[in-house]
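Q: Residue numbers (my numbering), protein chains in the order written: chain A, 1 to 189; chain B, 1 to 321.
If you're looking for bench data, these hints aren't it; they were derived computationally from the structure. Treat the hints with care, since some could be wrong.
[As the list claims (entries may be wrong)] With a straight-line Cα cutoff of 20 Å, these simulated EDC-like cross-link-like pairs (lysine to aspartate or glutamate) come out:
#	chain 1	residue 1	chain 2	residue 2
1	B	K198	B	D250
2	B	K198	A	E53
3	B	K133	B	E26
4	A	K57	B	D93
5	A	K34	B	E181
6	A	K54	B	D93
7	A	K155	A	D139
8	B	K89	B	E311
9	A	K57	B	E196
10	A	K34	B	D93
11	A	K34	B	E26
12	A	K42	B	E193
13	A	K57	B	E193
14	A	K54	B	E196
15	A	K42	A	E53
16	A	K54	B	E193
17	A	K42	A	E8
18	A	K34	B	E103
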Amino acid sequence: MGNYSTNEFRSGLKVMLDGDPCSILDNEFVKPGKGQAFNRVKLRNLKTGRVLEKTFKSGESIEAADVMDADMQYLYEDGDFWYFMEPNTFEQHQATETAVGDARLWLSEQDVCVVTLYNGSPLSVTPPNHVELEIVETDPGLRGDTAQGGNKPAKLVTGATVKVPLFLNEGEVVKVDTRTGEYQGRVKD
Amino acid sequence: MIDTWSPSAKPKILHARAKLLALLREFFAERSVLEVDPPLLAKTSVTDPYIESVKAQMGGESSYLQTSPEFFMKRMLASGLGDIYCLAKAFRDAEQGARHNPEFTLLEWYRVGWDEFKLIQEIETLIATVFNKFHQSAINIERLSYHDCFAQALQLNPHSASLESLQTMAVSQGYANWSNETRANCLDLLFSEIIEPKLPSGLVTVYDYPACQSALAQTYTDKNGRQVSRRFEVFLNCVELANGYFELTDAQQQRQRFTADINCRSQANKPVMEIDAKLDQAMQAGLPSSSGVALGVDRLLMQLCGLNSIEEVLAFPWSRC
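One chain only, chain A, in its complex shape:
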């Protein structure tokens, strides 16, 4: 991989910092009137998810990270690894529990996810923004309570627990936003 100079910094750029792949979130150009310019940079460590700030002198360069995002189909998990397939090449990748992270709470087989590869191995998994999942456990629904507010926890088939309106029952399918974990609506078949 090559290097990036500060004037190429922009959000989304993947770089190496202290041995870890990071994604640039924000890049601020700072220059005292007569003085040396520098860049105040906010980055996310892609391994730990932590956000850090670092200041570079303008003109400095840092190593690019071999990080790329790929759309892949989720196949299955075997207790140790989660398996994903590139739809065009049928190439399979195995992701560790750390890499899959909270995404495992939303994944159904066949779902197309964004798998972030670092040096060719899955580093993180982003589930689809919206998923439709069956309720497997919740208190019985209250008939006639379709208009009023109020909600209750419901456990979904993938293991996630979301708050749903009181009228829903086990066996029904709901649409959830995976970014916020919020209930979006009932899916009628």
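For chain A, the structure is supplied; the task is to place chain B on it using the hints.
A: Positioned in the frame of chain A, the structure of chain B alone reads:
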């Protein structure tokens, strides 16, 4: 998709801009300061180690867009024109960010026979007047010495601290890659990162800059026997707004500083800049004792309108040009 053909500043901001330009001209007209409009394109430009000029071609000959009207205005001063101001564009290569656009509007003026403190007072009057016209209210005004800023924030004397202690301070504040930097660069980093964000709100003038950052200002020996520069900077709500000097008038000293700049540039492999011979001749002919300041008009407008990005006060920032 955001369109890029239309102005990025809203119509009401462009109206505010026109109002500000008119107020600035009115301020100087009332004080009989003469408006001048020196060239923006010239055969030479500044030698500053950290200011890059935009290069242009004129009939096959290299030329430069001016980074400020300073050299032309000093030639006018040396000719005996008296108090002058310039409200015009200036260009600095590759300066782009929330507070920078490579082409920007600069207000620069010179007062003959004034020291820097008399000029600071006029800047305070100017900003207070403009602020009042925009907001019908007063603005907090303060002055701080560069020494006191460092003493309060970092318990460090910027004039006497050793280079090593400045580097150690930069590293201990989390800037490991400054461990080998120059005195001026360490001071600039600490000022920008630690001191500037904590300056009082309103208009704050920081005076008595360190001798290593004199640029085109005179220096003097303070009561502790240390060389201090008669340079100041003005901050408006923690944003650098203006830079001024009690002007150096000694042609020989000025030439030495330009030569030091040129050496600095060559060590850093930066484009070679030559001393402006016509400015040198003007200074030999005699620059009258005077103080001058350059003020960023776009940043002033940002502050007056409560905006955080320079793109919001420019009709067409570089991204739309």
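Q: Confirm or reject each hint.
A: Taking the hints in turn, this is what the structure says about them:
1. K198/B with D250/B: With a Cα-Cα distance of about 36 Å, the restraint between K198/B and D250/B is violated, given a limit of 20 Å.
2. K198/B with E53/A: Judged against 20 Å, a Cα distance of about 19 Å means the pair holds.
3. K133/B with E26/B: Holds: K133/B and E26/B sit about 12 Å apart, inside 20 Å.
4. K57/A with D93/B: With Cα atoms ~16 Å apart, K57/A and D93/B stay inside 20 Å; holds.
5. K34/A with E181/B: holds (16 Å)
6. K54/A with D93/B: violated (24 Å)
7. K155/A with D139/A: holds (10 Å)
8. K89/B with E311/B: Holds. K89/B to E311/B sits at ~16 Å (cutoff 20 Å).
9. K57/A with E196/B: holds (18 Å)
10. K34/A with D93/B: holds (13 Å)
11. K34/A with E26/B: violated (29 Å)
12. K42/A with E193/B: OK: K42/A and E193/B at ~15 Å, within 20 Å.
13. K57/A with E193/B: Between K57/A and E193/B the Cα gap is close to 13 Å, so the pair holds against 20 Å.
14. K54/A with E196/B: holds (18 Å)
15. K42/A with E53/A: holds (5 Å)
16. K54/A with E193/B: holds (12 Å)
17. K42/A with E8/A: holds (15 Å)
18. K34/A with E103/B: holds (16 Å)
Hints 1, 6 and 11, counting from the list given before, are not met by this structure.
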